[in-house]
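Line by line, the protein sequences give chains A, B, C and D. Using the numbering used here, read the first sequence as starting at 1 and increasing by one per residue. Using the numbering used here, read the second sequence as starting at 1 and increasing by one per residue. Using the numbering used here, read the third sequence as starting at 1 and increasing by one per residue. Using the numbering used here, read the fourth sequence as starting at 1 and increasing by one per residue.
Be a bit skeptical, because a hint or two may be false.
Since the list gives no way to pick one copy over another, a pair counts as held whenever it fits inside one copy or between any two copies.
List of simulated lysine-lysine pairs, DSS-like, C-alpha gap at most 27 Å [said to hold, decoys possible]: (1) Lys302 <-> Lys54; (2) Lys43 <-> Lys72; (3) Lys287 <-> Lys67; (4) Lys43 <-> Lys287; (5) Lys170 <-> Lys253; (6) Lys54 <-> Lys287; (7) Lys54 <-> Lys227.
Just so you know, the hints here were simulated from the structure itself, not pulled from any lab data.
Number of protein chains: 4
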Amino acid sequence: MQKIKVGILGATGMVGQRFVQLLESHPWFEVAELAASPESAGKAYEEAMAGRWKVSADVPEYARRMKLRECKPTLNCSIVFSALDAAVAGPIEEEFAKAGYVVSSNSRNHRMDSDVPLLIPEVNPEHLGLVKTQQKLRGWKGFIVTNPNCSTIHMVLALKPLMDGFGLEKVMVTTMQALSGAGFPGVASLDIIDNIYPYIGMEEEKVQSETLKLLGKFGSNGVESAKVAVSAQCNRVNVSDGHTECVSVKLSKSATEKEIIGAFENFNPLRQLKLPSSPQHPIVVRKEADRPQPKLDRNLEKGMASVVGRIRSCPVLDYRFVVLGHNTIRGAAGAAILNAELMKARGLIG
Amino acid sequence: MQKIKVGILGATGMVGQRFVQLLESHPWFEVAELAASPESAGKAYEEAMAGRWKVSADVPEYARRMKLRECKPTLNCSIVFSALDAAVAGPIEEEFAKAGYVVSSNSRNHRMDSDVPLLIPEVNPEHLGLVKTQQKLRGWKGFIVTNPNCSTIHMVLALKPLMDGFGLEKVMVTTMQALSGAGFPGVASLDIIDNIYPYIGMEEEKVQSETLKLLGKFGSNGVESAKVAVSAQCNRVNVSDGHTECVSVKLSKSATEKEIIGAFENFNPLRQLKLPSSPQHPIVVRKEADRPQPKLDRNLEKGMASVVGRIRSCPVLDYRFVVLGHNTIRGAAGAAILNAELMKARGLIG
Amino acid sequence: MQKIKVGILGATGMVGQRFVQLLESHPWFEVAELAASPESAGKAYEEAMAGRWKVSADVPEYARRMKLRECKPTLNCSIVFSALDAAVAGPIEEEFAKAGYVVSSNSRNHRMDSDVPLLIPEVNPEHLGLVKTQQKLRGWKGFIVTNPNCSTIHMVLALKPLMDGFGLEKVMVTTMQALSGAGFPGVASLDIIDNIYPYIGMEEEKVQSETLKLLGKFGSNGVESAKVAVSAQCNRVNVSDGHTECVSVKLSKSATEKEIIGAFENFNPLRQLKLPSSPQHPIVVRKEADRPQPKLDRNLEKGMASVVGRIRSCPVLDYRFVVLGHNTIRGAAGAAILNAELMKARGLIG
Amino acid sequence: MQKIKVGILGATGMVGQRFVQLLESHPWFEVAELAASPESAGKAYEEAMAGRWKVSADVPEYARRMKLRECKPTLNCSIVFSALDAAVAGPIEEEFAKAGYVVSSNSRNHRMDSDVPLLIPEVNPEHLGLVKTQQKLRGWKGFIVTNPNCSTIHMVLALKPLMDGFGLEKVMVTTMQALSGAGFPGVASLDIIDNIYPYIGMEEEKVQSETLKLLGKFGSNGVESAKVAVSAQCNRVNVSDGHTECVSVKLSKSATEKEIIGAFENFNPLRQLKLPSSPQHPIVVRKEADRPQPKLDRNLEKGMASVVGRIRSCPVLDYRFVVLGHNTIRGAAGAAILNAELMKARGLIG
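Could you put together the complete structure from these sequences and hints?
The following block contains the structure:
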């Protein structure tokens, strides 16, 4: 099989470099183009990344000498993965979609557009039905599909089997989010050493609104928001990678702890599709009292799993648990890649 | 005025050394005795603390050459502050109380005893009424008064004015607790570097149960637990001092944000007593979007305040906020000292 | 006595805010002007510092409502303390000196000028003799005096008594420098969590060259560089404040360990002057095997001391020791203030 | 080929678990026995490691249900890798050697014994000649071979090509050592957060003495210590894995920077042997100004390389550079495994 040519928009940032790393030797996709801001355009990727490549010791061999291009819809590829900064992502992604590219975006700009799928393959694959509407309404040959915010995605992966099994009414979450979520240079070291930073701009709003869309029903009128009350409190902590979230839920039906665990462990709706980036267990349940921990568990299933632990009853709502996941893999670049794999499997791509 | 002689039980631990530090030049109390485990007894305090004194560069001059004694009720003092480990605190504190000492304890052992006050001077001073019952029931000349767990105390200081003003029905809290709360050596560095430790043994239970007693009504039958549902999720984070807590509350009456802030800022029931360790503002409200932060705010009011910020409505309950406080000052040693000051002001101490 | 009016140039950076903090209630100086970049000019200091004040919980009361001015020589004061960025400090400081101001600068720009004193009051007060030359050569009414780099100053404070007592031939130093030395936002958190950053631009050159000037002889031809070989290796470590330096020295004469310790402990050439910011012990010697440590020792003598420990013989040169000091107090703002105090005591300031 | 059965002594500590991890799927060796202290003996390995397994998310499948045995020479294997604590390693290792086992030890106890090889395969393979003497002198069927301390090994790997090429006279080193080097629980988090710990017991002595033996000449009278002056200053820093060392050397012959780099890059004396754990490049040279960094470079060559950077001339000696390496892989468990591979290749192991 010939591989599909893909491009990466915003290839120099923290999420961009994860795309570069995760797409090395991808069985279906081949990175044909790396694009970034006009200032970087023209430079070899390795040169542009001097002092900025943070996800491993070295830029992968394949990408080193690739010339960075501008983010214009003249790239030689059919899919673009977008890790663009929200300040510029909106119109650029639209231009690409208009010009016929499939845009799999990690940027927040189009996530809440009523005709753009906000997609987690295991959670709401049927939302891909919005693509048709989107193309019709906007007159585009291509289209945009987005993945959720890095905190939302791990929480919603854990909420979905609970909602399916027992109904979901209320969700409270307090997040402890990793530094890489803020990009590079991102959080100043003086702001986080011996400290907690109790505020992340727009993050609580994103977690609250994206969750309702992700869990919403797809019908002839598009996606109807889920009727769930969601409250998020978001903090930055001194951890490099891996968001930890303390979640409490109110369910519609009573459930035993064993049933809750079973719902998590049996959740694997993509099993049949055998997508290359699909984890064997989208939700890994840890039974130890003191897990999950970011340092130990963030790379389980190559960073594509949501790891759940400390499942116990809640004196205010019904159940509490801790969910942890890698924020730049399953929470960003890996999410967009898995989305593209699902689109390919569904025949939406080439 | 002649100062009252006091002793410190468990003087070598993290809380014990805070007692030693905070009681230097106290206007009412004079440290006459330092006591610790039998292995340390007989050593000069400075010698025993070699490599273990962590709260400043040097042991205070006054304590250096004091000889450590065993924790037996033959100490030359009338009050003992207990920072004993829970493994041994129970019977030792009882012996002291029986022998006529006033025991102001930070240990958890007697906190939930029905005849022992669990005291925060600004919150439930009337609970000191239990002292009489305690002495009668147990036939003791002295008595035990306890202060709450380091996480509980800061949260309850913030809850009290809300309960008084608007009624309190439900509380959800996720804590991010400092390393010093686990004592020394406490948390292994390999367990917390680039990590969150999502479990603290018995901590959630303590926060949940102590809160109900602290907010309970004192009557002829002792303390009646408050009718509030409390859920706590407790985490250890890479911060030296200062617990940060994300709180969400359901109130009985509706309240505006302005009224909530007013309730916090006007809360100062001890104003008239002018206790030496009493903060000018027991609750400091920060208006900045990104405060409180442990590194910046833990030492406000000499570590005796609870610092509240990010007050905003909650989509699931009614209001949310962040509360932060110093865990070994207002959360431990400073709490027990303030308790003793209140007892003195109330005539319970000679 | 009426206080002398002073201004702070670059008042918004890390060193600038230390000036603001340390000059609160200074017995001789009164901050009359705060100046910064044109973008900040016109703002109230507190407003400009929102999210940037890092040295304590709050901007000191006195400075909050002061309006930031531009760095132009129309400030209403006679001394300016300069914490300007090296990119702009050079010409601005010259303008002020030309216009008659005394400039006490922490910036590196003029440190190595042959007619500008690079001053540590305890080490080379006689270098102030360069002021006359400077004024004559440049035709200035005012003048510039500089303090050394934050790593250099602590090392040279420790070297001076050794040089005086035993002669100094070679110095090897490896530094482990704090984050605040890089300013704010400075070092990215992702670059230092679980990491060492083994390079600081131009730092090794500064330590090597400044040391020779500081230890040089002042004569009719200016300062003659000391004949000492100095090698510096500089690293950034995950510490907020306090530079730690492992030093090894070759002396001209043999010396016992006791003599070395004596030389450090007896070093206090400013004793008689009673300058307000002068530490009682410019060099504090710690005898414990595991000291000095930045967290415990950086604030000794209010951050104005150099703390020496682990004095022992060296198998390659003669002696080795560790020196530690606060990099933004004695290593920067406090250094410039002490310099101004010496100038005042010597009659160089009105 | 049938694999050789090996055992691990001290399998529960930080180095012990690295052995367990690195020996999973080893092409020549098969872990047949795990042994630890009498208190752990009898437990399944996974059970004994609850809360203590730190090198990855989970104990490898193969080891989980293995029963821990006592460290007695009745183990069913022919080689034992020793990660025993120095407090007990001495006599236990002797018993095993006496009983005919090959002991490849990471413990310090026998390193300086005149008839025990202290071995780095790339540096002094000829020292294996001591084995014969050892067996003869002690009347043992088996024998002991040791690897150096974790700081020493990386420095000596870098020194060896310099000594071979240009002669080596003096070495100054300041180390910044990782937390895992102190074992688990090891360094208390309160001792290292926002701090440097400037002392590691016996470490400087080990670096200084082991280096001389490693670089010494093997002859008919055993190993003659190298005539090199070595000075080490050792610090603990807040890094999980990876020791960083600032080294300065005096050579016997002059050398250009290019020759120095060439000596490092061409150093690969084991090339022909194709040992399974042998790195392709024992010394990796980084050319970037700000490398090596522990977080980025410690896992190069699967943790088996010494990574050198910042090569430049030294104003006091001749050349300076930074060397970094993984302290529990090449610095401990990986070193002992490579030693055993060399012994096998040399016919010393069955």
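Each hint, compared with the structure:
Taking the shortest Cα distances, lysine 302 and lysine 54 sit within 27 Å of each other both inside one copy (17 Å) and across copies (18 Å). Taking the closest pair of Cα atoms, lysine 43 and lysine 72 come within 27 Å of each other only inside a single copy of the chain (16 Å); across copies the shortest separation is 40 Å, beyond that limit. In this assembly of identical chains, the alpha carbons of lysine 287 and lysine 67 lie at most 27 Å apart only when taken from different copies (22 Å versus 47 Å within one copy). Proximity of lysine 43 and lysine 287 under a CA criterion of 27 Å is satisfied inter-copy only: 19 Å between copies versus 49 Å inside one chain copy.
With identical chains, the CA atoms of lysine 170 and lysine 253 are at most 27 Å apart both within one copy (12 Å) and between copies (21 Å). For a Cα distance limit of 27 Å, the shortest separation of lysine 54 from lysine 287 across copies, 17 Å, qualifies, whereas the shortest one inside one copy, 32 Å, does not. For the identical chains of this complex, lysine 54 and lysine 227 are neighbours neither inside a copy (40 Å) nor across copies (42 Å), given an alpha-carbon limit of 27 Å.
Hint 7 from the earlier list is the only one contradicted by this structure; the remaining hints agree with it.
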